[in-house]
Each structure stands twice: as C-alpha cells, then as structure tokens.
Amino acid sequence: MNKATLGRFFEDFGIGETIRHATPRTVTAGDQALYLALYGSRFAVQSSDEFARALGYPRALLDDLLVFHIVFGKTVPDISLNAVANLGYADCRFLAPVYTGDTLSAQSEVIGLKENSNRKTGILYVRTAGFNQKGEIVLSFVRWVMVHKHDQHATTPDAEVPQLPAHVAADSLGRVCPVIDPAQWDNALSGSSHRFGDYLAGERIDHIDGVTVEEAEHMLATRLYQNTARVHFNALAEKSGRFGRRLVYGGHAMSLARALSFNGLANAFHIAAINGGRHVAPLFAGGTVFAWSEILDKADLPGRHDVGALRIRTRATRDLPCTDHPLHDATAERPGVILDLDYWALMPR
Amino acid sequence: MNKATLGRFFEDFGIGETIRHATPRTVTAGDQALYLALYGSRFAVQSSDEFARALGYPRALLDDLLVFHIVFGKTVPDISLNAVANLGYADCRFLAPVYTGDTLSAQSEVIGLKENSNRKTGILYVRTAGFNQKGEIVLSFVRWVMVHKHDQHATTPDAEVPQLPAHVAADSLGRVCPVIDPAQWDNALSGSSHRFGDYLAGERIDHIDGVTVEEAEHMLATRLYQNTARVHFNALAEKSGRFGRRLVYGGHAMSLARALSFNGLANAFHIAAINGGRHVAPLFAGGTVFAWSEILDKADLPGRHDVGALRIRTRATRDLPCTDHPLHDATAERPGVILDLDYWALMPR
Amino acid sequence: MNKATLGRFFEDFGIGETIRHATPRTVTAGDQALYLALYGSRFAVQSSDEFARALGYPRALLDDLLVFHIVFGKTVPDISLNAVANLGYADCRFLAPVYTGDTLSAQSEVIGLKENSNRKTGILYVRTAGFNQKGEIVLSFVRWVMVHKHDQHATTPDAEVPQLPAHVAADSLGRVCPVIDPAQWDNALSGSSHRFGDYLAGERIDHIDGVTVEEAEHMLATRLYQNTARVHFNALAEKSGRFGRRLVYGGHAMSLARALSFNGLANAFHIAAINGGRHVAPLFAGGTVFAWSEILDKADLPGRHDVGALRIRTRATRDLPCTDHPLHDATAERPGVILDLDYWALMPR
Chain A
175 MNKATLGRFF EDFGIGETIR HATPRTVTAG DQALYLALYG SRFAVQSSDE FARALGYPRA
235 LLDDLLVFHI VFGKTVPDIS LNAVANLGYA DCRFLAPVYT GDTLSAQSEV IGLKENSNRK
295 TGILYVRTAG FNQKGEIVLS FVRWVMVHKH DQHATTPDAE VPQLPAHVAA DSLGRVCPVI
355 DPAQWDNALS GSSHRFGDYL AGERIDHIDG VTVEEAEHML ATRLYQNTAR VHFNALAEKS
415 GRFGRRLVYG GHAMSLARAL SFNGLANAFH IAAINGGRHV APLFAGGTVF AWSEILDKAD
475 LPGRHDVGAL RIRTRATRDL PCTDHPLHDA TAERPGVILD LDYWALMPR
Chain B
175 MNKATLGRFF EDFGIGETIR HATPRTVTAG DQALYLALYG SRFAVQSSDE FARALGYPRA
235 LLDDLLVFHI VFGKTVPDIS LNAVANLGYA DCRFLAPVYT GDTLSAQSEV IGLKENSNRK
295 TGILYVRTAG FNQKGEIVLS FVRWVMVHKH DQHATTPDAE VPQLPAHVAA DSLGRVCPVI
355 DPAQWDNALS GSSHRFGDYL AGERIDHIDG VTVEEAEHML ATRLYQNTAR VHFNALAEKS
415 GRFGRRLVYG GHAMSLARAL SFNGLANAFH IAAINGGRHV APLFAGGTVF AWSEILDKAD
475 LPGRHDVGAL RIRTRATRDL PCTDHPLHDA TAERPGVILD LDYWALMPR
Chain C
175 MNKATLGRFF EDFGIGETIR HATPRTVTAG DQALYLALYG SRFAVQSSDE FARALGYPRA
235 LLDDLLVFHI VFGKTVPDIS LNAVANLGYA DCRFLAPVYT GDTLSAQSEV IGLKENSNRK
295 TGILYVRTAG FNQKGEIVLS FVRWVMVHKH DQHATTPDAE VPQLPAHVAA DSLGRVCPVI
355 DPAQWDNALS GSSHRFGDYL AGERIDHIDG VTVEEAEHML ATRLYQNTAR VHFNALAEKS
415 GRFGRRLVYG GHAMSLARAL SFNGLANAFH IAAINGGRHV APLFAGGTVF AWSEILDKAD
475 LPGRHDVGAL RIRTRATRDL PCTDHPLHDA TAERPGVILD LDYWALMPR
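Residue numbers (our numbering), protein chains in the order written: chain A, 175 to 523; chain B, 175 to 523; chain C, 175 to 523.
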C-alpha cells in the first residue's frame with residue numbers, strides 16, 4: 175500500500191463529519207514581507223507597527239487575505255485535491271485580528287453533499303474554521319466544490335444542500351476589529367483623505383493600475399499558503415490538462431485585486447467579511463490583472479462610532495483595463511472578467 | 175469622481191511645498207531575508223547579528239540600499255507616477271543606522287521646478303527625507319525627474335533650479351555609523367583582508383560575476399519597496415510603451431551591482447552617501463548584469479580612527495563582462511552601461 | 175592587482191588545511207517563510223511553534239536542509255568556485271537543532287587531494303562543519319568536488335583519499351533531536367497516522383505530485399543560501415557553457431524532493447544524517463520534479479523510546495512521474511533521474 179494519499183473523493187465524505195486539517199502554521203514577519211513582495215499591498219495598518227499602535231492595536235495586523243489563504247490552504251489536501259472546480263464562497267467572516275507570532279490551524283465540517291446526475295462528480299459543501307493558538311476562531315467560511323467520485327458506482331447519501339446567507343449581516347462585522355481611535359488615523363500616512371462618510375452606494379472606482387503575473391510568483395504565493403492543489407504547480411501534467419498549462423490559484427487574483435484597490439480605497443483597512451466570490455474565468459501567468467469596484471451598500475456597526483462598513487463588489491479582469499468599469503450592467507460572464515468578489519470592508523469615520 | 179488618483183502632474187507642484195508620503199513601513203527580518211534572496215548580498219554586518227554585536231551594534235544592520243529603496247518607494251505615488259524619466263540623484267546621505275523593527279516614513283520638499291520648452295513636461299527637483307519611528311532622519315537625498323504636464327496650457331512658476339553639491343563632503347559621512355571596534359573585525363568572516371589602508375585612489379576592480387534578471391525577481395523587489403511605478407509591472411500597457419516591455423526599477427540594478435561588488439570590496443560595509451547616480455540605459459528581464467568599480471578618492475573621517483571612507487564609482491553593465499573595466503576612459507553613454515553610481519563607502523582601518 | 179578573487183584552484187589546497195568561511199548568517203523567520211514559499215514544506219515541527227512546544231522544543235525548528243544549504247553555501251567561494259562538478263556527499267550528520275535567531279558559520283578542512291591523470295583537474299575532499307553562535311557544531315559533512323587547476327604544470331602533493339563510511343551509523347543519530355514526548359504528537363495536525371512502527375524495510379512510496387521549477391525560484395533560493403556558484407546565475411556565460419543554460423543548484427532538487435515526500439512520510443520530521451547523495455543528472459528551469467522513496471532500513475536509537483530512524487533512499491526525477499517507482503531495480507543512471515539521496519530520518523514511535 176502506498177502511504178502517500180491521492181486525497182478524498184466525493185463518496186468519502188459524510189454529512190456532519192468534522193475534519194481537522196494539517197499543518198498548523200505560525201505566521202511571522204517573514205510571511206508579511208513575502209505577502210508584500212507578492213502583491214505590493216500598501217494598507218498602513220498592515221504595514222506599520224507604529225500606525226497600528228496609534229489606533230490601539232498591539233502591532234501591525236496580518237493581511238486579512240493572507241489569513242484567508244493560509245486557512246484555505248490547509249483544507250486543500252483533505253477537501254479539494256480531487257476537485258474539478260471551486261464553485262463559490264459564502265458567509266466568510268473574519269472574527270478576530272491575527273498578528274505575527276500567532277499559530278493558525280483549521281478544521282472543516284461537511285454541511286452539504288449533492289451528487290451530480292452524471293454520477294461521476296458531486297458538489298461538496300464545507301464550513302471551514304480557522305483558529306489561533308488560544309483556540310479562538312479567527313475566520314469562518316463556507317465553500318463548495320465539485321469533486322470527482324473515485325468509483326462511479328459508489329452509492330452516496332441523499333442530496334443535502336445548506337441554506338446560505340446572500341450576504342453577511344452588517345451587525346456581525348465588528349468582531350475582527352477592536353475599537354480604534356479614528357482621531358489618530360493620519361490620512362497622509364494612510365494615503366487618502368476619503369473616510370467612510372465620503373463614499374456613496376453606487377459609486378464606482380477604477381483602480382487604474384495593472385499587474386502582470388509570472389509563474390514563479392503565483393507558485394511562491396500558493397506554496398507560502400501550503401496549498402497543494404496540483405493544477406498550480408505541475409506544468410508537465412497540465413500540458414495535457416484542461417487548460418494546457420498551470421492555473422493560477424484563485425486567491426492570488428483576490429489578493430492582486432485587493433492590493434490594486436488601494437488606489438481609491440486606501441482607508442478600507444480591514445476585510446470584515448466576504449459575502450461571496452466567484453472565479454469567473456481562469457487566470458494564467460502572463461496575464462495582466464486590473465480591477466474596479468462598486469460600492470454596493472454602507473452600514474453602521476451597532477454601538478460603534480469609530481468605523482463603518484462598506485459593501486464592495488470588486489471585479490478583477492485579465493488583459494482588460496477598467497477605465498469604463500466594464501460589464502457593470504451585465505452579468506459578469508464576459509471575456510476578460512476573472513473574479514467577482516462581494517465583501518464588507520471597514521473604514522474609519 | 176473617481177477616488178483613485180492618476181498622480182500629480184508637473185503643474186501640481188509648487189516650490190517649497192512639503193509632501194508627507196504614505197505608507198509607513200516597519201522593516202523586519204522578513205525584508206532582510208527577501209533582500210538577501212533577491213541580491214545574494216554577503217556583507218557580514220548586515221548578515222550576522224553576532225558579527226554586528228562584536229563591533230558594538232545592537233544587532234545586524236539593515237542593508238543601506240534596502241533603506242534607500244523603501245524611502246524612495248514611498249515618494250513614487252506622489253512624485254513620479256507621471257514621470258517620463260528619473261534624471262538623477264544627488265546629495266544622498268545616510269544619517270542613522272536602521273535595524274529590523276524600525277518603522278520608516280518619508281516626506282519630500284519641492285526644491286526646484288523648470289518647465290521644458292516644449293511645455294509638455296518639466297523638471298521637478300525634490301529633497302526627500304526618511305525618518306524612523308523616533309522622528310530621527312535616517313536618509314536624505316535629492317532627485318530630479320522629468321514629469322508630464324496634464325494640461326499643456328497650464329501656467330507654471332518661473333524656473334528655479336537648486337544648487338547641488340558635486341559630491342557629499344567627507345566630513346559629513348560619519349553619522350550613519352556609530353564608532354566601531356575594528357580590532358573585533360574578523361577578516362575571515364567578513365570575506366577579505368583588504369582594509370581601508372589597502373585601497374588606492376585610481377584602483378580598479380572587476381567584480382567578475384554576472385547575474386541574469388528575471389521578471390518575477392524585479393517585480394517582487396519593487397513591490398517589496400511598495401514602489402508603484404507602472405512601467406515595472408504592466409506588460410500589457412508597456413507592450414505599446416516606449417520600450418515594448420516592462421522596465422526594471424533602476425534601484426534593482428543598484429542593488430545587484432552592490433551585491434556583485436562584494437568580490438573586491440567585501441569590507442566596504444556601509445554606504446555613507448551617494449554622490450550621484452544615473453541610470454544610463456534601461457535594464458530588462460533577461461539581461462545579465464556585471465559591475466566594475468574605480469576608487470575615486472579616499473578620506474579620513476574627522477575624529478574617527480575606526481573607519482575611513484572610500485569614494486567609489488561603480489558602473490553596472492548589461493550583457494557585457496567587465497574584465498577590462500570597459501569605458502573607463504570615456505563618457506558612460508556607450509552600449510552596455512546601464513548604471514553609473516558615485517558613492518562613499520565606509521571601511522574599517 | 176584585482177582585489178576581486180577568482181577563487182582557489184586545485185593546486186592552492188593542502189592536506190590538513192583549515193579554511194574559515196565568510197559570511198556568518200543569522201537565520202530568521204524570514205528565511206523560514208522564504209523556504210516555505212520556495213518548496214511548500216508542510217512538516218509540522220518546522221511550521222508551528224505550538225506543535226514544536228508540545229513536544230518539548232522551545233519553538234519551531236529550522237528546516238534541516240535549510241541549515242545544510244546555508245552551511246554549504248558558505249563553502250562555495252573558498253572550495254568550489256572553480257569546480258567542474260560536485261561529485262558526492264558522505265557522512266553528513268546533523269548534530270544540534272537550529273532555531274531562528276541562531277547565527278551559523280562554517281569551516282572546512284581539506285582531507286583529501288588526488289590529481290587527475292590529465293593534470294588539468296583534481297579531486298578535492300573537504301570536511302565541512304557548521305557552527306552556531308555558541309560554537310556548538312550543528313552539522314558536519316564531507317563532500318568531494320572535481321576542481322580545475324589554474325596552472326597545468328603546477329606540482330601537487332601525492333594522492334591522499336579519505337576513508338568514508340558507506341552510511342552513518344544509527345547509534346550516532348540522536349544528537350540533533352532532544353527527547354520529545356510522542357504522546358503529544360498529534361497525527362491529525364502532522365498530516366499522517368503512520369508512525370515509525372508502520373514502515374517496513376523494502377517499502378516503496380510514490381510521492382505522487384510534481385512541481386515545475388522556474389529560473390526566478392532557483393536563483394532566489396540559491397542566493398538565500400549566499401551560494402555564489404556561477405553556473406546558477408549567469409545566463410550569458412552559460413549560453414556558451416557546458417549545458418547552454420543556467421544549471422539549478424543541486425540542493426534545490428533535494429529540498430523539492432523532501433517537500434514532495436511529505437505525502438507518504440509526513441511524520442519523518444527530522445533529517446538526522448545524509449549517508450550519501452549524487453546529482454545524477456542536471457536540472458534546468460522548466461523541468462518538473464517528481465520523487466519516490468524506498469525504506470532501506472530501520473533502526474532504534476540507543477536509549478531512545480521516543481523516536482526511531484528510517485533509512486530512506488529518495489530519487490528525484492525530471493519530467494518523469496514515479497507511479498511505478500521507476501528504476502528501482504537498476505542503477506540510477508537513466509534518463510529522468512536527477513537525484514539519488516540516501517538519508518536517515520527520525521520519526522515518532
């Protein structure tokens with residue numbers, strides 16, 4: 175028997191099952207520096223211990239999406255090694271700040287299973303939680319993936335599909351962010367004078383810049399997250415695969431779009447929740463990523479006078495500048511759009 | 175109104191104006207490791223806490239050029255997003271040592287403006303200062319850039335061009351370097367027995383090795399410095415740009431040349447000042463960088479018996495080995511030379 | 175005289191000579207993060223401070239091969255700058271755990287010299303030791319390299335070839351690993367329930383995954399180790415060299431194979447010794463690396479009930495998946511095999 179594992183197939187999952195994932199991971203200043211080098215992020219609370227301390231944090235925060243990618247990465251060997259596709263995310267909530275020195279671990283619960291009519295694949299729904307070394311939950315999200323069956327004739331349980339919220343309720347967004355002192359927020363250092371009050375629902379922002387992706391970059395990033403999904407690394411196998419080449423991890427596009435969004439959303443310093451996200455089309459090395467955002471909604475946080483929440487829809491495109499906010503009145507399934515992300519960000523008042 | 179910014183144009187600057195730049199940045203061991211991976215630097219004071227402590231430092235120093243690049247990077251969104259070209263540096267002085275854990279910020283003062291006769295562009299002179307978290311100035315330099323006007327018909331102030339020193343005076347070089355104990359300097363560990371007394375003005379050194387640059391590398395580096403200049407990142411836009419491809423950040427060539435110069439200048443452990451620097455020709459991925467140096471001058475530091483200063487002119491070339499110190503008797507504008515850097519380095523006696 | 179050095183040639187070495195190498199190096203969380211991004215390693219003791227502490231370590235360990243590469247890198251400027259080829263390793267023993275914050279230095283003793291009959295080259299044998307800042311030896315290994323003579327007519331001493339052990343004796347493997355508490359070893363977090371007792375001599379494991387190597391990646395890695403061997407960096411010179419292109423540092427393939435081996439050997443948390451290693455064929459960027467392992471032997475450690483030692487032979491291949499453990503009954507010199515590594519790993523009971 176080969177002690178190496180091919181990963182689980184659709185028929186190997188059962189509703190209610192909880193999977194504790196390997197490998198726990200202490201996050202460090204090394205991770206922050208690499209994240210910065212990979213995406214060029216410029217949000218001040220994640221870049222400067224001094225800026226963070228002035229607001230009441232003990233030191234600079236870890237980038238929220240770095241936390242997301244690390245927790246997500248842990249689930250891959252157990253959940254999606256035999257995935258055909260990542261279909262979506264929902265109800266992703268950031269629940270506690272994460273700092274360098276914290277150790278992240280993850281577990282997932284199977285909350286839905288639905289075999290496809292071809293009997294070759296099925297849809298698997300899992301809720302994943304990320305924890306810090308104190309056992310506090312720092313992140314919770316649902317994702318669903320289409321997974322291969324190993325044996326087409328294996329019987330599978332009756333379909334069970336979870337109810338998922340269309341978006342995260344604004345009144346649950348505060349936990350990730352201790353009360354800060356907005357009077358200490360220095361607009362010059364943060365890069366923008368636009369605060370919560372300056373944004374309007376319906377407003378659109380072209381983030382202007384584009385960044386070209388290299389094979390070495392997305393592989394460095396995906397390995398940093400200890401994400402082992404094969405399609406990102408093995409050019410030999412992918413040559414005869416679906417796309418004929420390595421596929422960029424979808425989260426890489428999320429982080430590129432988030433970093434580009436600094437130009438126009440410099441004070442959106444924290445991601446409090448991801449309402450939903452779809453990788454509309456694949457991204458490959460050599461592609462140049464652009465992004466634009468639309469303010470979908472604004473919300474007060476109960477009892478909080480320091481920060482408000484902006485609901486933002488960000489689309490990333492491939493080889494398509496966003497000067498005219500392309501496709502803003504259409505469904506996103508058009509050539510050029512690769513990511514459609516709906517999230518809540520916190521911004522000082 | 176798009177809340178994203180296109181950056182300032184020539185007519186947006188006024189003499190005497192001071193600009194505080196975003197984003198403050200805590201430098202860490204992560205930055206040092208990445209800098210090492212990007213350039214392969216081997217100077218012992220920056221590599222080893224123990225070596226540094228033996229000399230009297232609290233721990234290893236940050237690489238001087240890493241400090242320069244980070245401070246420089248902060249100025250880009252405000253100063254040179256619409257630059258046609260970086261024309262030069264002068265009077266760059268390193269004024270305090272920088273360690274991991276320090277937080278760097280930057281501000282610039284407009285000290286010169288001169289519209290070009292075509293009225294489409296102008297030359298902007300700024301003095302930039304970098305600070306640590308205690309408010310101490312760690313770096314000061316002047317640079318001048320050719321910047322686009324947004325509106326060709328905009329009126330601009332009368333030309334004002336600052337007087338700049340041809341080189342930094344030797345008696346101002348000591349501040350970056352606390353008194354060290356040269357008796358504790360271990361030549362075997364530092365990689366060379368050649369001390370200050372062993373170098374002669376006029377001496378030439380071929381640094382022998384060459385290193386080929388990859389797109390992923392220069393983009394990782396430039397993002398690490400949070401430098402957002404578009405020409406380095408956007409292959410799609412640059413395809414129809416001046417060079418038809420992404421341009422490598424000029425500072426990347428400076429750091430490559432400095433790392434190569436270890437072979438021959440291993441004990442030149444500190445850059446105290448940059449007298450001037452010109453990016454003579456562009457560098458692109460795929461090019462192989464070589465370097466050679468000439469000792470222009472030697473200077474004692476007032477009241478200091480531990481270290482002396484070497485004035486060094488280093489030229490970096492592209493795809494041109496430097497065995498014969500090419501172009502040493504000519505102006506530098508010849509095929510192959512990409513960088514002409516004149517700096518003061520400190521060396522133990 | 176050029177103060178830059180071309181490195182030593184065969185006739186410059188003498189039996190018994192000890193060489194202290196530059197540059198001492200403090201290892202940090204930055205190095206660990208980069209190592210992770212370069213190889214995607216998932217061994218829990220090196221990834222998580224908490225996992226390591228539960229076992230009795232003060233915090234996460236540095237990856238053993240990262241220690242090896244850093245110590246090896248220091249020897250390159252003195253030993254192998256003029257090497258034709260690295261011929262082999264032997265008697266490599268890891269002798270003390272290494273943690274972030276430790277400062278590594280290295281020295282080598284010349285233990286063998288044998289001129290080749292062509293009088294143009296010779297075989298140089300050195301024993302290299304790596305030390306931490308307390309002067310404790312952390313690593314010891316022998317390597318032999320074929321080195322150019324500078325002057326074909328130079329006389330060289332009588333041939334002297336050291337006796338080297340065919341493999342490291344099991345009773346000397348314990349020093350690198352303080353006694354741990356295997357009851358605290360969490361199989362879910364470590365990624366496998368297979369402990370020492372579950373492996374049998376003769377067992378074979380296909381590590382399944384493949385990873386494609388990029389130029390930027392192997393150069394970043396090799397510079398991180400401050401390894402200056404020219405063949406890895408200079409595409410211009412290598413165009414007219416032996417292979418027509420840059421050669422990947424052999425240690426890069428070792429670390430790729432080790433990271434791939436997690437799938438099947440997740441609890442083999444420590445490399446205690448390398449019995450021998452050969453770079454059977456060169457690796458170049460664009461190649462996809464696979465690996466498979468064979469358990470050669472098992473050994474108890476004297477007086478130790480916490481861990482046992484597995485002797486593992488791992489072959490890495492290029493563009494050749496290992497489903498059928500290719501070449502397991504043949505000599506390794508076949509197309510596709512690039513690395514043949516024989517090592518002792520520790521595993522909890």
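Any given hint might turn out to be false.
To be verified - Mimicking DSS-like on lysine-lysine, the simulated pairs with C-alpha atoms at most 30 Å apart in a straight line are:
{"no.": "1", "chain 1": "B", "residue 1": "Lys288", "chain 2": "B", "residue 2": "Lys323"}
{"no.": "2", "chain 1": "C", "residue 1": "Lys472", "chain 2": "A", "residue 2": "Lys413"}
{"no.": "3", "chain 1": "B", "residue 1": "Lys413", "chain 2": "C", "residue 2": "Lys413"}
{"no.": "4", "chain 1": "A", "residue 1": "Lys308", "chain 2": "A", "residue 2": "Lys413"}
{"no.": "5", "chain 1": "A", "residue 1": "Lys413", "chain 2": "B", "residue 2": "Lys413"}
Said to hold, decoys possible - Quick list of simulated restraints, FRET-style, between CB atoms:
{"no.": "6", "chain 1": "C", "residue 1": "Pro352", "chain 2": "B", "residue 2": "Asp474", "range": "46 to 56 Å"}
{"no.": "7", "chain 1": "C", "residue 1": "Glu310", "chain 2": "B", "residue 2": "Gly418", "range": "47 to 57 Å"}
{"no.": "8", "chain 1": "B", "residue 1": "Asp325", "chain 2": "A", "residue 2": "Arg416", "range": "42 to 52 Å"}
Just so you know, the hints here were simulated from the structure itself, not pulled from any lab data.
Where a beta carbon is used, it is the ideal one built from N, C-alpha and C, also for glycine.
These are the hints, each one checked on the structure:
Restraint check for Lys288/B and Lys323/B: the C-alpha separation of about 12 Å stays at or below 30 Å, so the hint holds. With a CA separation close to 39 Å, the supplied pair Lys472/C and Lys413/A exceeds the 30 Å bound. The suggested pairing of Lys413/B with Lys413/C holds, with an alpha-carbon distance near 27 Å, which does not exceed 30 Å. At roughly 44 Å between alpha-carbon atoms, Lys308/A and Lys413/A are farther apart than 30 Å, so this suggested pair is violated.
A hinted pair counts as satisfied when its Cα atoms are at most 30 Å apart, and Lys413/A with Lys413/B qualifies at roughly 27 Å. Pro352/C and Asp474/B have their C-beta atoms about 52 Å apart, which keeps the hinted 46 to 56 Å range intact. Taking 47 to 57 Å as the suggested C-beta distance range, the pair Glu310/C and Gly418/B conforms, at roughly 55 Å. At roughly 50 Å, the beta-carbon separation of Asp325/B and Arg416/A lies within the given 42 to 52 Å, and the hint holds.
Consistency with the previously given hints fails for numbers 2 and 4, ordered from lowest to highest.
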